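Undergrad: Listed here are the chains, written in short residue letters.
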Amino acid sequence: MCRQPEDCGRHMECACYIDAAPLVSMRHNRATKFFKQKANPMSAEARIVELKLELPKAPKPAGTYLPVVVIGELCYVSGHGPLKSDDTMMTGRVGQDLTEEQGVAAARQVGLAILATLQKQLGSLDRVVRVVKVLGMVNSTAEFKNHPKVINGFSDLMVEIWGENGRAARSAVGMGSLPGNIAVEIEAIFQVH
Amino acid sequence: MCRQPEDCGRHMECACYIDAAPLVSMRHNRATKFFKQKANPMSAEARIVELKLELPKAPKPAGTYLPVVVIGELCYVSGHGPLKSDDTMMTGRVGQDLTEEQGVAAARQVGLAILATLQKQLGSLDRVVRVVKVLGMVNSTAEFKNHPKVINGFSDLMVEIWGENGRAARSAVGMGSLPGNIAVEIEAIFQVH
Amino acid sequence: MCRQPEDCGRHMECACYIDAAPLVSMRHNRATKFFKQKANPMSAEARIVELKLELPKAPKPAGTYLPVVVIGELCYVSGHGPLKSDDTMMTGRVGQDLTEEQGVAAARQVGLAILATLQKQLGSLDRVVRVVKVLGMVNSTAEFKNHPKVINGFSDLMVEIWGENGRAARSAVGMGSLPGNIAVEIEAIFQVH
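Chains as they are written, first to last, in this note's numbering: chain A, 1 to 193; chain B, 1 to 193; chain C, 1 to 193.
Mixed in with the good hints there might be a few duds.
Under the rule of at most 35 angstroms between Cα atoms (straight-line distance), these lysine-lysine pairs were calculated in the DSBU-like manner [what the hints assert, rightly or not]:
#, chain 1, residue 1, chain 2, residue 2
1, C, Lys145, B, Lys149
2, B, Lys145, A, Lys84
3, B, Lys60, B, Lys145
4, A, Lys52, A, Lys84
5, A, Lys149, C, Lys57
Computed footprint of chain B on chain C; a stretch qualifies when at least three of its residues, placed anywhere within it, have a C-beta under 8 angstroms from a C-beta of chain B [claimed, not checked]:
#, stretch
6, 50-60
7, 81-91
Keep in mind the hints are simulated off the structure, nothing from the lab.
In this text, all values refer to a predicted model and were calculated from it rather than measured experimentally.
Where is the CB? At the ideal position from N, CA and C, for every residue including glycine.
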């Protein structure tokens, strides 16, 4: 970690510095603390207010499952769709029924739905330490190629809330079909305290 | 957690109460213990017998992988298909070759195969604390919409065995294709002791 | 664990022996240590050299995400494509544009790209204890059936590097589409120290 000179100047992109606390030296811990203060100057709950984000009502599971399960410091979040504040879902296939930009908007809306779930299930978004892992699933045509751009709609929202701690490991892929023909489904793992 | 009054009456649906042990108050711990006793009055092995479930022979991996890998308290279970007791798989695409109900039956059969694997690999199903995370993948047409109902075939079986601890975080989605044209493939994470 | 006689002679296939350290008896620990020495006689870095593997340059994320996130002993690796040393990706749909063998080669190339990422992000591949979980996603036709064989291209490489510790829990499935029409995308979890 940080044995390659080019990494030393950009701690904001280096997850290892932030997460692998027992492995980093005192110098790195100081750097990390400095970074965290800089990148996340206010609480997630305060950010929701400051950004004037309108969260939908936390969705009820559409089957035999739970919205989240917390094991130790890992919060596993069930696959969420683009639930709007009027309780309807954004539906359609990207590249056919929806444009790429509409796909981006759908992915952002999934993010708002997941924030609503975390707020309800955890009591406060301020219990979130970071986003760990994201699986972004796009309802797209066989020819569609820009899945990462679509899922950025979700990931950019996470960074708006948690700064660099909103940046996670991620896959962005195209599905054969999604429940109720929703445009995007995303499941994620959050680190919580 | 439990700061919203509407949660207080339904601990059975609130994963946080059950899992985040260090975070819950004494009162909640008592509630959780009471719930666990109520929901899971007998061992998983005893439930298998009581429900007269017929498990297939634990499948051998069809490639370079292991049936399960255990890291700490998390048991990662490889993707399983709907293996029957006669050693054949339930195949076909839901919405084309198979009805929705046949899809549900296939998902339940995946559950029986995973139970067989856990029993063999862990020595006993009684080492399972709860189901943590499920990824339910349906071999379905592009128009299919009821993936959650299909994967309930798996999840309902888990609840039959482990009560509310069988309820997990979950995604249910449609794949372009699955190995050997199996109808459903499910991977999961179990908490074990 | 190891309560079934047929398991006793093949510890190399039994993940529980290796991982569930607190659960195994002294006798099993001795067996495990012996196994590890036998299966992994040299470091992963030395294996890369010995096998004359040519790693591509570690890919930069194609969106708002990180190559890896480490939480405790788990290293979550983002979905990687078959990045070649000339900085291009292997593209096309298996069963249509690519043969099965070309799919296998693409999955192996994904493995080389992930090794490059781990080397850069962790500082050394010798920090890897084992491969824990693999999700192998094949860009394939609706009729394709041999996803496990394709993803073996990745898994066999892991076993070349880490011996039996390279064998993981795994799913191998067919996607509707993948970013930039890449042939294979793989995300994985590694245990690290």
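Undergrad: Each of the hints needs a verdict: does it hold here or not?
TA: Hint check results:
1. C:Lys145 with B:Lys149: Roughly 25 angstroms separates the two Cα atoms, so the pair holds.
2. B:Lys145 with A:Lys84: The given pair, whose Cα atoms are some 19 angstroms apart, holds under the 35 angstroms limit.
3. B:Lys60 with B:Lys145: holds, 32 angstroms
4. A:Lys52 with A:Lys84: OK: lysine 52 of chain A and lysine 84 of chain A at ~15 angstroms, within 35 angstroms.
5. A:Lys149 with C:Lys57: Holds: lysine 149 of chain A and lysine 57 of chain C sit about 22 angstroms apart, inside 35 angstroms.
6. 50-60: violated (count 0)
7. 81-91: Contact hint for the stretch 81-91 of chain C vs chain B: violated, 0 residues under 8 angstroms.
Hints 6 and 7, counting from the list given before, are not met by this structure.
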